[in-house]
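Undergrad: What follows is each chain in one-letter form.
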Amino acid sequence: MSERVKSKSRRFKFPEEASVIFALLVLVGIVGSLRPTFLKPQNLLNLAASYSISALLAGCIVYLLSMGEIDLSFGWILNLSAVVAGLSMIAGVPVWIAIILGIVAGGLMGAINGFLTVVMRLPLIIVTLGTASVFQGISLISNKSGSVVPTDEKLTSNIFFRALGGEIDTPVPFILIFVVLAFLVLHLTLHKTRFGYRILAIGSNPEAARLAGIPTKQTKILVCALMGAVSGIGGVLFLGFRGAVDPSTGANLLLPVVAAAIIGGTPLSGGAGTVWGSLVGALIVGVIGVGVVFLGIDAVWSTLVTGLVIIFAIGVDQVVRVRKNRAS
Amino acid sequence: MKSQSVHNVISVRGLAKRYGGVKALNGLDLDLEANKVHAIVGENGAGKSTFMKILSGGVTPDEGSIELMGEKFSSFTVQSASKLGIGIMYQELRLFQHRDVLTNLFPDRELRVGPFIAKKKMAEIAIPVLKSIGLAVDLNQIVGELALSDQQLIELARVLIEKPKLLILDEPTSALNARESKRLLDLVRLLPEQGTTVLYVSHRLDEVFAVAEHITVMRNGSLVFSKPTKDLDIPTVIQGIVGEKTATSIAKKKGSADLYSSAEKVLEVNNLSNGGQVVDISLNVASGEIVGVAGLIGSGADELLETLFGARSKVAGLVKLQGVEKANLSPQNSVRDGVALIPADRKRVGLMMERTVSDNLSHVSVGGFKQGTPLISKSGLATTAVKLVEKFVIKTENVQVRVGNLSGGNQQKVVIGKWLEIGPGLVLLDDPTRGVDIGAKVELFRLVREIAAEGKGILFRSTEISELTTLCDRIVVVKDGVSTREVSGVDDAELIKLINE
Numbered sequence: 001m002s003e004r005v006k007s008k009s010r011r012f013k014f015p016e017e018a019s020v021i022f023a024l025l026v027l028v029g030i031v032g033s034l035r036p037t038f039l040k041p042q043n044l045l046n047l048a049a050s051y052s053i054s055a056l057l058a059g060c061i062v063y064l065l066s067m068g069e070i071d072l073s074f075g076w077i078l079n080l081s082a083v084v085a086g087l088s089m090i091a092g093v094p095v096w097i098a099i100i101l102g103i104v105a106g107g108l109m110g111a112i113n114g115f116l117t118v119v120m121r122l123p124l125i126i127v128t129l130g131t132a133s134v135f136q137g138i139s140l141i142s143n144k145s146g147s148v149v150p151t152d153e154k155l156t157s158n159i160f161f162r163a164l165g166g167e168i169d170t171p172v173p174f175i176l177i178f179v180v181l182a183f184l185v186l187h188l189t190l191h192k193t194r195f196g197y198r199i200l201a202i203g204s205n206p207e208a209a210r211l212a213g214i215p216t217k218q219t220k221i222l223v224c225a226l227m228g229a230v231s232g233i234g235g236v237l238f239l240g241f242r243g244a245v246d247p248s249t250g251a252n253l254l255l256p257v258v259a260a261a262i263i264g265g266t267p268l269s270g271g272a273g274t275v276w277g278s279l280v281g282a283l284i285v286g287v288i289g290v291g292v293v294f295l296g297i298d299a300v301w302s303t304l305v306t307g308l309v310i311i312f313a314i315g316v317d318q319v320v321r322v323r324k325n326r327a328s
Numbered sequence: 001m002k003s004q005s006v007h008n009v010i011s012v013r014g015l016a017k018r019y020g021g022v023k024a025l026n027g028l029d030l031d032l033e034a035n036k037v038h039a040i041v042g043e044n045g046a047g048k049s050t051f052m053k054i055l056s057g058g059v060t061p062d063e064g065s066i067e068l069m070g071e072k073f074s075s076f077t078v079q080s081a082s083k084l085g086i087g088i089m090y091q092e093l094r095l096f097q098h099r100d101v102l103t104n105l106f107p108d109r110e111l112r113v114g115p116f117i118a119k120k121k122m123a124e125i126a127i128p129v130l131k132s133i134g135l136a137v138d139l140n141q142i143v144g145e146l147a148l149s150d151q152q153l154i155e156l157a158r159v160l161i162e163k164p165k166l167l168i169l170d171e172p173t174s175a176l177n178a179r180e181s182k183r184l185l186d187l188v189r190l191l192p193e194q195g196t197t198v199l200y201v202s203h204r205l206d207e208v209f210a211v212a213e214h215i216t217v218m219r220n221g222s223l224v225f226s227k228p229t230k231d232l233d234i235p236t237v238i239q240g241i242v243g244e245k246t247a248t249s250i251a252k253k254k255g256s257a258d259l260y261s262s263a264e265k266v267l268e269v270n271n272l273s274n275g276g277q278v279v280d281i282s283l284n285v286a287s288g289e290i291v292g293v294a295g296l297i298g299s300g301a302d303e304l305l306e307t308l309f310g311a312r313s314k315v316a317g318l319v320k321l322q323g324v325e326k327a328n329l330s331p332q333n334s335v336r337d338g339v340a341l342i343p344a345d346r347k348r349v350g351l352m353m354e355r356t357v358s359d360n361l362s363h364v365s366v367g368g369f370k371q372g373t374p375l376i377s378k379s380g381l382a383t384t385a386v387k388l389v390e391k392f393v394i395k396t397e398n399v400q401v402r403v404g405n406l407s408g409g410n411q412q413k414v415v416i417g418k419w420l421e422i423g424p425g426l427v428l429l430d431d432p433t434r435g436v437d438i439g440a441k442v443e444l445f446r447l448v449r450e451i452a453a454e455g456k457g458i459l460f461r462s463t464e465i466s467e468l469t470t471l472c473d474r475i476v477v478v479k480d481g482v483s484t485r486e487v488s489g490v491d492d493a494e495l496i497k498l499i500n501e
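Residue numbers (our numbering), protein chains in the order written: chain S, 1 to 328; chain H, 1 to 501.
Rather than coming from a laboratory, the hints here were simulated on the basis of the structure.
Check the hints yourself; a few may be wrong.
Stated by the list, open to error - Below, simulated BS3-like cross-link-like pairs (lysine-lysine); rule was C-alpha separation at most 27 Å, straight line: (1) Lys370/H - Lys320/H; (2) Lys182/H - Lys217/S; (3) Lys192/S - Lys387/H; (4) Lys378/H - Lys192/S; (5) Lys326/H - Lys217/S; (6) Lys370/H - Lys217/S; (7) Lys192/S - Lys370/H; (8) Lys120/H - Lys131/H; (9) Lys378/H - Lys217/S; (10) Lys120/H - Lys182/H; (11) Lys378/H - Lys320/H; (12) Lys192/S - Lys391/H.
What the hints assert, rightly or not - Coverage of chain H stretches by chain S, computed from C-beta distances (three or more under 8 Å per stretch; other residues unrestricted): (13) 264-271; (14) 356-369.
As the list claims (entries may be wrong) - Pair by pair, the computed Cβ-Cβ distance ranges are: (15) Gly29/S - Pro115/H: 49 to 59 Å; (16) Arg323/S - Ala316/H: 45 to 55 Å; (17) Arg121/S - Asn140/H: 21 to 31 Å; (18) Glu16/S - Lys131/H: 32 to 42 Å; (19) Asp492/H - Val319/S: 45 to 55 Å; (20) Pro115/H - Arg121/S: 40 to 50 Å; (21) Ala118/H - Val319/S: 35 to 45 Å; (22) Val319/S - Ala316/H: 49 to 59 Å; (23) Ser33/S - Asn405/H: 38 to 48 Å; (24) Val316/S - Phe96/H: 50 to 60 Å; (25) Val300/S - Ile422/H: 31 to 41 Å.
For glycine and all other residues, C-beta sits at the position ideal for the given N, C-alpha and C.
Throw the hints in and build the complete structure from the sequences for me.
TA: Next up, the structure:
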């Protein structure tokens, strides 16, 4: 009498990232057709490498957005972590230990964010509005508003600086390989583990998650700490990639990172998120930034264009969502 | 036999409305006389709400004609509805939670003197209306601070202020306790004398029989029958609502408490208090037993289950599960100890409405429960979900459908299913039939009995007296936060007397 219940719907569905990938290809096509040199593999790889740190952060901010939260302090966590690592190196701490110190410092800063949001029962956006300035302040005080530049030959000859700085020849920049691997881990963790399931459940309905026995507080603190640690990794990568940290490092990361996640298809409302989408989103932001330069337009235009693309992306997302809800 | 349209407040012919492939209304013919209280009953999906929406101008029918108060309409809009004096009170509150009572009573039609809002004038109109519905609140109080039942009465007052000729009430008592419901029903009964015809939509048949002079039963978008109440009885109406698939009115359990007196106790509670509404409650539940909790809204009965589950913190008292004392009650510990809570407000705290049936069914087993590997696969979740959907007969096209698209009864089965997946020993059911149609209610009751028969203990709280007397082996009466007595085998009238005395 009754049909067997199907575990899958019949219709073939494109992966949700298909539309962003298409948008990326169109953008690359437009710039490439006007300025063919843009399409040179070396150029594209360099573009990807220079946007890889903000891509990495975008992949992790997806976790927070999926949980219905947003962190405004990650740029300064990145800065302070890099300062911690850099100053430790200058003080004579072995490079690899200094790197770990930087990442741990980032994780701690994230955990503080998480702890405060749980204890004060305030949205993370409010908490990080404050902690962002605290982290920035500590960074300014500790390096006396100057740059941190590990110049010692002993330091810069370390494989870490040589690999990231591009002195070791690899067909693909080292930083890019690292970030792609990190994305694989971030994707699998969000969609294939209990931890990821809990993040999405909290983002879908926090009270229902609590009543289902999900440890919502621990999960929030863990995700914030993860965001901090990833920002710390970003800071250390930045230090290796650029060879220096200055007081403004990380100041302009908020827009490209959050934009990458949103353009990639992660809604601000929580309960859903695509890690791969944010990678594509970060590349879109990168193509816009580099593309305007290639087209001979003043670089200041890239911010305006990025803003328009964000509005376009969330507009399309909203239309699709409304249609879908109406159809079902 | 032709009805004279002059006396009919509503007269529709061949009204039809389709949503995609679903026929919400399928050629409805109906005449309703003026100055009476009419009840409209039917399962969810019978077409009641589509019909109400057409009458309020919110939905345009595909076919058919509407005649309202003697005027014929081919198309009917919200503007023409309000011009005709049609007022509608929806089940869901649409109040501005952060604004005061007076502002809420005159939404976007405040009275003015020049450019200024005339508070005094508005108050003069509002006070008699509030008085007539027996609501004593300060006009300056913020609505969000009021009890849910008062908010529902404000919603009613806001419609009554417009002095509608036709008043549509959609489940108006869903947040009211027995005493408040009675007061509201008394008020509704008087409205026809003041020239207001009432359309009363409700799942509660005892109310319908108490208030309506005429009952219309709908099923699958069509009329089943429309008759004076005096020619009908409850079984006939239930038969009409559920149709062929025999109503099998749920057999009553009679005084079966003795059966369980020697059975192993799943739950023992002594002198429980949560520092709020729960003051001093003692009770116990045996394996296989269904114990009811009866009490008015605000009596503590409504907070008791959440406190036992650990969703609210306990202040004092002893709670034993399977004979073991539990000092720290929390949702996380409850999951581990095999205690399930089916919450009263499933949309707000029970489900992830935007997520799929499959995701929701793994909410507890994957999200809350610590056993098994930390790795999950979508196909693994789906396989488990399909098994649960079949076991609990959840009607859904597949398990990747958004749970928000399911009917109320099927949503409730998803909540029950996600908890039973971890094999709990104690199930706390908090008003599980709220917003569930009669057909689904029968199924839910059967399911609850099956769960009990598997040896699980069940603590069942309901705002509907007849559910308690039908389903429970034993009923604990809670008054002012104190468990005053336990009864078994009482009838509805006796139990109503006990909780109100």
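Undergrad: Taking 31 to 41 Å as the stated bounds, is the beta-carbon spacing between Val300/S and Ile422/H within them?
TA: Given a distance of about 57 Å, which is not inside 31 to 41 Å, the answer is violated.
Undergrad: For a C-alpha distance cap of 27 Å, please report whether Lys378/H and Lys192/S respect it.
TA: holds (8 Å)
Undergrad: Apply the coverage criterion to the segment 356-369 of chain H and chain S: a residue qualifies when its Cβ sits closer than 8 Å to a Cβ of the chain, and three qualifying residues are needed.
TA: Result for this restraint: holds, n = 9.
Undergrad: Mind checking the alpha carbons of Lys192/S and Lys391/H for me, to see if they're no more than 27 Å apart?
TA: The given pair, whose Cα atoms are some 26 Å apart, holds under the 27 Å limit.
Undergrad: Has the given pair, Lys326/H with Lys217/S, been kept, meaning a C-alpha gap of at most 27 Å?
TA: At roughly 22 Å apart (the allowed maximum being 27 Å), Lys217/S and Lys326/H satisfy the hint.
Undergrad: Regarding Gly29/S and Pro115/H, is the given constraint of 49 to 59 Å on their beta-carbon distance met?
TA: holds (57 Å)
Undergrad: A range of 49 to 59 Å was offered for this pair. Does it hold for the Cβ distance of Val319/S and Ala316/H?
TA: Given about 55 Å between the Cβ atoms, the range holds.
Undergrad: Would you check the hint for Lys378/H and Lys320/H, treating anything up to 27 Å between C-alpha atoms as holding?
TA: violated (37 Å)
Undergrad: Between the beta carbons of Arg121/S and Asn140/H, is the distance compatible with 21 to 31 Å?
TA: Distance hint for Arg121/S, Asn140/H holds at roughly 29 Å.
Undergrad: Check the hint pairing Lys120/H with Lys182/H against an upper bound of 27 Å on the C-alpha distance.
TA: Violated, at roughly 31 Å.
Undergrad: Within 50 to 60 Å: is that where the Cβ-Cβ distance between Val316/S and Phe96/H falls?
TA: Cβ of Val316/S to Cβ of Phe96/H: about 32 Å, so the range 50 to 60 Å is violated.
Undergrad: When you check the alpha-carbon spacing of Lys370/H and Lys320/H, does it fall within 27 Å?
TA: Between Lys370/H and Lys320/H the Cα gap is close to 22 Å, so the pair holds against 27 Å.
Hint check: violations occur at hints 2, 10, 11, 13, 18, 24 and 25; the rest are consistent with the structure.
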